[in-house]
Amino acid sequence: MCGFAGYVGQVHDADTLLKQMTDAIAHRGPDAQGKFVASGAGLGHARLSIVGLDDGQQPMSDETGQLTIAFNGEIFNYVELREELRSRGRRFRTSSDTEVILHLYDQMGEECLSLLNGDFAFALWDQRRRRMVLARDRMGVRPLFHTSKDGTFYFASEIKALLKIPGISAKIDPLALDQIFTLWAPIAPRTAFSDIHELEPASVMIVEQGRVTVKPYWQLAFPHRDTPSKIVNEVEVAEELRALLTDAVRLRMRADVPVGSYLSGGLDSSLVSALAAGMAPQGLKTFSVTFDSAEHDESAYQHEMASALGTQHRAIACREGDIARVFPQVIRSTERPIIRTAPAPLYQLSGLVRDAGLKVVLTGEGADEVFAGYDVFKEARVRRFCARQPTSRIRPHLFRKLYPYLPGLRQQSVEYLAAFFGAGDALPNDPLFSHRPRFKTTAATKIFFSGELRETLKGYDAADDLVSRLPDAFSRWHPLNQAQYLESRFLLPGYILSSQGDRMAMAHGIEGRFPFLDHRLVEFAARLPPEMKLKGLVEKYILRKAATDLLPRSIRERTKQPYRAPDSQAFTGKGDLDYVQQCLSAESIAADGLFNAKAVAKLQQKCRTQPASGFRDNAAFVGILSTQLWHKNFIQQGNRTEQAA
Amino acid sequence: MAETTKDKVRSFIIENFLFGDTSYDLAENASLIENDIIDSTAVLELVAFIEDSFDITMSDSDIVPANLDSVARISAFIGSRTGTVAA
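Which chain is which? The protein sequence lines are D and B, in order.
Residue numbers for the first sequence follow the numbering used here, beginning at 818 and rising by one.
Residue numbers for the second sequence follow the numbering used here, beginning at 12 and rising by one.
Here chain D stands alone, though its shape is the one from the complex (with noise of 0.2 Å):
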């Protein structure tokens, strides 16, 4: 796991530069930095060494010196692919993952993505053809971004890299804040930075001779909904999916250095260290962390887990304040404005990882997106039940039973829980049927959007963006099938495995690795009949079937609880911190001019007197005070590096 950066075209003293771009992102890769600077290209790499400890130096070039590689992440299966490789008498200077990324696309070309099973993105100079070959993993755990000046094409794993570069400085893209206050993230190519773009997951990009080419070479697919659903045998099938989520786990507990586990007291985390406790002869580290407040905190589920497991078990407690004083930093990794605070304990949580001097740490991430356990997915089926009996006053009553952790939905009465959920007018046909109710509450608060930036944006409507990106196919698939497209193509690359995923953990310099994305796992999920997902209310049903034997009987059959974290309230508790003053202060709102001074001193105050503010006011909150840093951090600092040079 490491950083990369570099070009294609000419600049001007390439050394400095390379130099430049590195260090700017060397906390993805503080063990060792190297460069690589041919005639019209060049490769900069920061490296955290995990594979191939001693000969993994990078860039690294192939022994005719004409192919030339930056790469950042793993390839899990790099074994299985040197083994094949030497028996067609392929031979291998180092023990590395890297080499045998030249070896294949030295015979295939970028055809050779299919065959990686890996978090991965790299660049790869092609000298013989003069073309640099860009590529990132199928779901998007390792980031890409590029931009253009004057004719040379830059890229970078951060994009704080990018800014480096003279000439090239921080923009606010309104459209990207406004999907943010919408669909939580910026919709890929689009970043929160104007001109500046993200290679999309389980794409190849190809810049030749001034030309640049996007494709994709892997797509997240599911069956037609009327396909008839073969009988399957309930027994056979989580007994596959087990063999394919243990292989998941043997591969990625592949590293010469030790491997953790993240453990959050939750089925998925608890499923991973379980099959990871048993490929670890010397015992697991496992890691988690707490919160004061009951609504949060899962401890009681994580130590009954670590004990269950015999782990070495480290826990992080996240307490009052805590979110409030890494927040800045937060948001200087995830180079975008955020809604919620989320991020923040699990940027805590990496620093614990590292202090207990690991690299890898192993998550659950991801399962919910594959086997559907959000809760997203239960509230379309019951808005779907509702919509068939509009009258009915008892459907309704199931809107309580998906949300127990929100107070505010539990006192209301069968009217206003139907009305809230839509569940009389819905459009079934709506391709964003699951996901409307949640993006038209998130879209509320652009109410503090300042006029001028509502005049920018005027007649743009980001969820009809998102519509416009769905595949021919998607109106042909399942309702639940469409429903974990738009989390795990969209959210999951532009949230989950990003601000909340690579950002966090590798701003301390830890890799994470998502046993339940590997893609054989996605593609096996994809093809099951959705009631194997999500049967009745149960989420995730097939999959805690294949736990059973695993996990204690409580774990396995708890109701899925959200990982959320203290939103407005932790930064309005006793002893305001000067910066969040200073950021919602009258004067930066104005001088920034993209929200409405008067109404967010009204927020605050309310978000300060009220603790309870509901997920409009919260979200708000949040991604006010985020976009703010986000311009302090990338803006205003950036104007004044210019005026010092």
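Heads up, some of the hints might be wrong.
[As the list claims (entries may be wrong)] Okay, the calculated bits of chain D under chain B, using three or more residues with CB under 8 Å as the criterion: (1) 1218 to 1231; (2) 1431 to 1441.
[Said to hold, decoys possible] A few chain B residues facing chain D, derived, Cβ under 7 Å: (3) 14; (4) 30; (5) 31; (6) 37; (7) 40; (8) 41; (9) 44; (10) 47; (11) 70; (12) 76; (13) 89.
[Unchecked claim] With a Cα cut of at most 16 Å, we get these calculated EDC-like pairs of lysine to aspartate or glutamate: (14) 1257/D <-> 26/B; (15) 1415/D <-> 26/B; (16) 1423/D <-> 26/B; (17) 1415/D <-> 32/B; (18) 1419/D <-> 45/B; (19) 1257/D <-> 32/B; (20) 1263/D <-> 62/B; (21) 1419/D <-> 32/B.
I should point out that these hints are in silico values taken from the structure, not numbers from a laboratory.
Every residue, glycine too, gets a C-beta built ideally from N, C-alpha and C.
Chain B: place on chain D using the hints.
Just chain B now, with coordinates in the frame of chain D:
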């Protein structure tokens, strides 16, 4: 001129749910839910406002969109409880 029930209700909604945005065209019969002006927590804030400001105790069965989902409905509901005509 004395502040009417509707004025009070409208002011409360603008201050607390629209955060002082007087440019918002809050029609008397506009649905507060469909226009994303209130969420589930805001309903409870609205109930507290009505009880505190108009000395009314609301039972669970009163807390329904038919009574609370627009300025006009809220004002009418308050009027029916206080014996005043909503104006």
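> Given residue 76/B as an interface hint, is the shortest Cβ-Cβ distance to chain D below 7 Å?
Replying inline: Residue 76/B check passes; min Cβ-Cβ to chain D is 5 Å, inside 7 Å.
>> Does residue 40/B hold up as a contact with chain D if the rule is Cβ-Cβ below 7 Å?
In response: For residue 40/B, the interface hint is violated, since the closest Cβ of chain D sits about 15 Å away, which is over 7 Å.
> Keeping to a limit of 16 Å between CA atoms, is the pair of residue 1257/D and residue 26/B held or broken?
Replying inline: violated (21 Å)
> Quick one, is the residue 47/B hint okay against chain D at 7 Å, beta carbons?
Replying inline: holds (4 Å)
> At a threshold of 7 Å, is the proposed contact between residue 70/B and chain D supported by beta-carbon distances?
Replying inline: With a closest approach of 10 Å, the residue 70/B hint is violated.
> Can the segment 1431 to 1441 of chain D be counted as covered by chain B under the rule of three residues or more with Cβ-Cβ separation shorter than 8 Å?
Replying inline: The restraint on the segment 1431 to 1441 of chain D holds, since 4 of its residues have a Cβ under 8 Å from chain B and three suffice.
> At a threshold of 7 Å, is the proposed contact between residue 30/B and chain D supported by beta-carbon distances?
Replying inline: holds (4 Å)
> Is the Cα-Cα distance between residue 1419/D and residue 32/B 16 Å or less?
Replying inline: holds (11 Å)
> Under the criterion that the straight-line Cα-Cα distance not exceed 16 Å, is the pair residue 1415/D, residue 26/B satisfied?
Replying inline: Roughly 11 Å between the alpha carbons, so the hint for residue 1415/D and residue 26/B holds.
> Under the criterion that the straight-line Cα-Cα distance not exceed 16 Å, is the pair residue 1415/D, residue 32/B satisfied?
Replying inline: This hinted pair holds, its Cα atoms lying about 9 Å apart.
> Holds or violated: are the alpha carbons of residue 1257/D and residue 32/B at most 16 Å from each other?
Replying inline: violated (19 Å)
> For the pair supplied as a hint, residue 1419/D and residue 45/B, is the alpha-carbon distance within the 16 Å limit?
Replying inline: violated (23 Å)
When the structure is compared with the earlier hints, violations turn up for hints 3, 6, 7, 8, 11, 13, 14, 18, 19, 20 and for no others.
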